[in-house]
Structure formats: structure tokens, C-alpha cells
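Protein chains: 2
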Amino acid sequence: MNIAVLGYGTVGSGVVEVFFKNRENLQKKAGQDLDLKYILDVREFPDSPYADRFTKDFQQIVEDDSVKVVAEVIGGLEPAYTFTKTCLEHGKSVVTSNKELVAQKGAELLAIARENHVNYLFEASVGGGIPIIRPLHMCLAANRIDEIAGILNGTTNFILTKMIRENMSFQDALALAQKLGYAERDPSADVEGKDACRKICILASLSFGEHVFPKDVYTEGITEITLEDVAYAASCDCVIKLIGRAKRGQDGEKIMAMVSPAFIHHESQLGTVDDVFNGILVRGDATGDVVFYGKGAGKLPTASAVVGDIIECAKASDTSPSLRWNPSQGGNVADHLENSTRMYVRLQSDTVKLPQMLEKQFGQVQPLSRDGQPDNEFACILPERKEREIEEELSKLTNMGVEILGKVRVLDY
Amino acid sequence: MNIAVLGYGTVGSGVVEVFFKNRENLQKKAGQDLDLKYILDVREFPDSPYADRFTKDFQQIVEDDSVKVVAEVIGGLEPAYTFTKTCLEHGKSVVTSNKELVAQKGAELLAIARENHVNYLFEASVGGGIPIIRPLHMCLAANRIDEIAGILNGTTNFILTKMIRENMSFQDALALAQKLGYAERDPSADVEGKDACRKICILASLSFGEHVFPKDVYTEGITEITLEDVAYAASCDCVIKLIGRAKRGQDGEKIMAMVSPAFIHHESQLGTVDDVFNGILVRGDATGDVVFYGKGAGKLPTASAVVGDIIECAKASDTSPSLRWNPSQGGNVADHLENSTRMYVRLQSDTVKLPQMLEKQFGQVQPLSRDGQPDNEFACILPERKEREIEEELSKLTNMGVEILGKVRVLDY
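Same order as they appear, the protein sequences are chains A and B.
So that you can map any letter, position 376 of the first sequence is 376 in my numbering, and since no number is skipped, the others follow by simple counting.
Counting from 1 along the second sequence, just add 1000 to a position and that's the residue number in my numbering.
Derived by calculation from the structure, the hints in this document are not laboratory data.
Just so you know, these numbers come straight off a predicted model, no measurement behind them.
Hints may contain errors.
What follows is a set of in silico ranges between Cβ atoms, one per label pair, in the way DEER data are often shown [what the hints assert, rightly or not]: (1) D1057/B - G31/A: 35 to 45 Å; (2) Q171/A - K1353/B: 19 to 29 Å; (3) S1048/B - G31/A: 39 to 49 Å.
Heads up, the beta-carbon is just placed ideally off N, CA and C, and yes, glycines get one too.
Model the full assembly from the supplied sequences, consistent with the hints where possible.
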């Protein structure tokens, strides 16, 4: 059985490396001989030991019937979408790490795979080397998944860890992440939560059975998080993490899905996920909470997930009946203002008596403190309210001249 | 496709419950109609809603060709072994939660399954509802697994958690576990580490490709752990956990495998696994560390894993080529005395100057302290040495009249 790899970037070169390193073992697991016949890239790699396998001609791969599995590791929507669709239509299974494409076109591409009796697998699109997609749709077959929450982006988790553990500012931590190659020069997809959003959309689509689009999911990044917020979190045994989460809608209600920073307990299973690691909590009706932890990104972890999917395709005789979800027109996610939450707020005013005012608005609040807290600053955790109500009450404070310096959801994970 | 359940105990009744509760969804995932035709038990259940499905006649199940998958949830070696073998030989796949049988006869039963083109699956035998067996052999197909370590027994973890968090004695914590139904009246399989030993044997066999027998794995339980040891552990930011672990032998060397209590850092991924939860760390050459966490026991989590395997069997057209390991004669595990480790020791003497003596024997040691530490007690962490050497040096101390009150390995997980 022949394999083609589309794209020889970080993940693509990792896939080639892992394949040839473990080839013998992989063949045993697949139960057949495997070769990696083509590597598609627009660039030249004359010094590569695999130089004779490179091609710039996608059609050559499509038309070669010996190629049964294609690894799309180009990333982005195009040409990845067209290439994937074409391969599936030509009876080739496709495996990918491309979360943007799966989050946008997953339902459609899975349907095309089914029509052509092949597979579209994307274990590497969420959680890098952590097995999560397959456990979700197979091992947890006997569960109804009600909720998923995870630290889904290693870059932001690295930055937050530096802020928490070393009191480094957001800017300095970001600069360090860029220097170490964890963050891109334009870090917005990471720090603004877009990457985490794509991943929670994939997990929600798979778990709840209908496509959830990134545009419908309220997404807040970590750019507003300060060291003062981190200190207040520590004072109540919490850490701030960027959490992507989704909850099944009960009784025909819409899905709750959101990406935002959150206070979570520092000793919980997600609270101890540090540095570039990811952690994903899955709440099933029979299993209870199951957590998966590991390196969420990086060349070899991601490549190993892609290669695992290649083996899976090699073994499959038809499309997996369980890896699927229904298409949707979007609009199936509830307005985040309808969500009830506890909320940490940090406020500043020289005139308003903040503790008294907040108690009047919200009832009992949990005051927090930090070293060096100025007299005119007050921070607390508000009791659980709908986000709309919190916004309304806080805007009354703003009208009184109160400055809102920080605002972070408090979650129970 | 028809299913039979052998044994209507805790897990068996859970399997029946999960099956009928999620039947529609399961049929969708399996891509076919499913029925649970027989429940084998020697007892009568006239009031059960499934009364008409009970049988006491195993032969009836064997001879019914419409039964394609059998769930063996009897436990123990016999009659489970004979029943399993007979079903496989009659072309029926078998799924099980029976760790004792898999740890003892896994290689043989997997081979019989292969000969008969059916499957023998045992996701529920390790980690209850945590998906671990399938991720190990499939998602991690592209990795060489070098090491596994886990908190594999919920009962002992519950007892240790009560000792650590509530300063409860071992005896009181055990009594509470029994009262809550977490521990059996005869708790020896749990507290002496035998249950964890069976599980690490299954994980090691699968990861390293040859059968590892429980009798070859040095196993130490938690019955000797005291609150003083717990306090010393806390003083160096550690907790005591019962850890089962196995490491691939390098260059033809034997496997290292052991079950013992250990100091591990209290904020590590395994250190934060509390109460009846399990956590399993898998170290792959490409993925790095991946950790799986969840409820390691209990009726519904375990049943959901069994039902997940039933679906897997329903979908499979032949034996999975990747779930297998080679038979062995045993003797493939290294003597634990050859293992190098750091070791916590707690010693007592009225005559020997312990700190000076230990420094003379071991070089620099890390002294620990606790509230209420008597003058004649000294505790420390010894630098890494072979266990044989540690034993030899400690026996010299014993000969000088020093009393060894505690001894726990210190691990880096």
C-alpha cells in the first residue's frame, strides 16, 4: 500500500521521519507492506534522503491508484480543501492535522469519505500527540458525552505558566515563546483563542453529532490577563488557564460552547497542566470524567498521531461508521450571555465604596486580596449569575466612574 | 448480531444496563442491529426486566451461531478461562474486564482469537472506564513505548488520599473504604498490590510485545505506609502513591517492572490523581508523555468500556493485527535489586549518629523533617543507588541496632 504526504513543513517532515523510523513496526501493525511514495511540496529538497519521492504535481498522486492513503499536512483552507476532496473522491483515505479545515468543513468531508467508502481521519487536529478523537468516538461509544473542557493551545498555556510561575508579564512571556519557537511571529491565532476555538468546535461536533462552527463560538483570548489577575487567582488557590469548553444542550436547547480564560483550581487535573502541554476533560454519562494529557503540539507528537491514522486507514476495509456528525447551518450555539457563571472582577474607584456596592448588586461576594493591592482597588468572585446580568450590573458601575480592570470566569474543572 | 453476557455481578449487570440504555446509539455506531440474547448466571433473577434472557447453560450460548460477541465478566481464572477459550474456538469474539485472566493467559487467548479470525478485547481490564488499551495499541501505533507508570488501583489510592488529606490512619482509611464499598472484606488483592501488578503486566505485555507474568514482578503493597511517612513526603512536596511501572529493557536487557508505594511530586500529573481515580502515564519516543486519567473502577465506567469493546467487535471483519504480544516462559523481568532508585528511609537509633553514618555510607543525603519528630528519629532521601546496594548498607545499620521504620522509593513521575 502506498502513501502520499501533502506538504513538507514541520508536521510533514515529521510524518516522513516517523514513518521511516518505525516502518517495520508499522507494517506489522497494519498487517501489510507500506511505502511512502510521494511527498508533495512546491519547494525543492535536493539534499533530502527522500529526494526521489518529491513531486510538485498533485495530479500525479491523484491518478496513481496504488496510493491509498494521503496525509494532508499543508494546513489552512486552500488548497488543502480541494486536495482533500479530490483525494476522497478518487477513493483515497485522507488523514490530517489541519484543524482549520476540519472545524470548517468536517461534516462535508466526512460525508464525501463515506460516499467513497474511505476514511477521513484527524486525530492530530486536536491535542497533537494525545489520543483524543479516537477514544471519543470509539472507546466512549457506550457513553453519552455531555461536556468537554480542555486546555487546547500549548502556546497560550506556556505564556500563562510563565506568568503564574515566574511572574513574567504577558509581553515578556510571549516574546520568550516566540524565541523558543512555540509562538509564531503573528501570534494572534493562539493568543486570541482562535486555535482553541477550532479545536473545541471539532470536539463538540463529534461529541454532540452536529457541526459547530467557529464563528458561532464566543472566543476570548489571554491578551488582557495581567499579573494582578494571576495574583488574585493564586489567593484563592486558582490558576488562570485558557479553557475551551462545550456542553450538550438539554431538551432541545442550544449547545453551550465558549473559549475564554478561566480561574480553575490549581490542583485539579486541568489546573496542573503546565507549559506547552494540553489537557482535555471528557464528561460521559457512564465513565464520569476522563482526562487526556500530553504534548499538544510539536513536530514528532503531531506526526505520530498522523502516522497512527495512516495505519488505521490501512487496516480499514470501509468507512468507520462511528466517526461522523451531521451537517448544520450553524446558529446551534447559545448566546454566551445566556450562560450562567461565577465571575472574578477587579475594579478600581476613588469614590464608590466597591464592596458595599457589589454586595448590593450581587448579594454575597468572595473578596480576594493580593500583595501591593492599592486602597482604591477591589477584587472578588461574584456569585453565579447569567453573563447578561453580570454585564448589566457592571455597566452600571462603569456609569458611576468605576474602572473595570479585570474580568475572568471562574469554573469548576 | 447477538451478544451474550457471562456473569451478572456488578460489572455484568452494568453491561446489561448500559447496553439497553444506549442501544439505539450503539447500533448506529456498530452499523447494525444488536441484541443481548443471553445472560449466563447460576443464580435466578425472576424479577429482572431481562428475566427471559437468563440461562444457566453455557452450551446453549456456545451452540447458538447467532451469538457473535460474548462479554466475560465473571472474573478469576476458572471457569472464565475455559469459557473464553471455548467461545473463541467457536468463532465468537470475547470482551472482558477480567485482568487476572488477561495477565495470566493473554498471549494464549489472543493467539486462539487470531486462529479463529475473531477478537479478544479487554479495554475494561485496566483503568476501568479510562480508554488505555486501545490508545496504547492503535493511536500510539507510530510510537515505541519505552515506559509506563500508573496509579492502577482505586482502592489503595482512596486509602492513601485519606491518609494524606485527612491524616487518617491506614486502618481507619481501609475501614472507610470497606464501608463505602470501595474495598472488599478481604482487601489483600488491593492493599498488597496484586491487582495493580496484574494491570501493569497487561500494559507491559502489550507495550513491549512479550508476555510478562505477575509472579515475575516485584510487588509491594501499602500496608506498611504510616502517617509519619506521609508527613515526611509532604515536607519535600511529595505524596505517596502506589505506582505500577514498567520500562523496556535496552539492548536485550530484561524488562524493569515493579509495583510499590513511591514518593512523587504532589503537583505532577500522577501526584494529583486522588481518591478512587486512576492515572496512567505512557512514555512514547515520538509523543513524549501522555497521561490518561479517570475512574479506574465502578460498575458503569467499567461496563461502558466492556460495551465499547462489544461495538468494536461488531465492527471488525477480522482479528485486529495490532492487539497482540508474543508468548513467553516468564523470567523476562529483571531482579528488582538491579534497579537503581532514590530511596526515602526513616530510621531510629539512640546510639548511632544517623546523619553522619548515612553520609558516610551514601554520600550526600537529603534530610527531611516533620512535626513532632523525636530526637532519635532521622529521615532522608538517599541518592540514587542500586537497590541491592541500598539493602546491603541498610542491613549494616540494622546490625548496629538501628531500627528501619520506613522505606519508600522516590520517583520522578
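Evaluated hints:
1. D1057/B - G31/A: 35 to 45 Å: With a Cβ separation near 37 Å, D1057/B and G31/A satisfy 35 to 45 Å, so the hint holds.
2. Q171/A - K1353/B: 19 to 29 Å: With a Cβ separation near 54 Å, Q171/A and K1353/B fall outside 19 to 29 Å, so the hint is violated.
3. S1048/B - G31/A: 39 to 49 Å: 42 Å Cβ-Cβ, so the 39 to 49 Å window holds.
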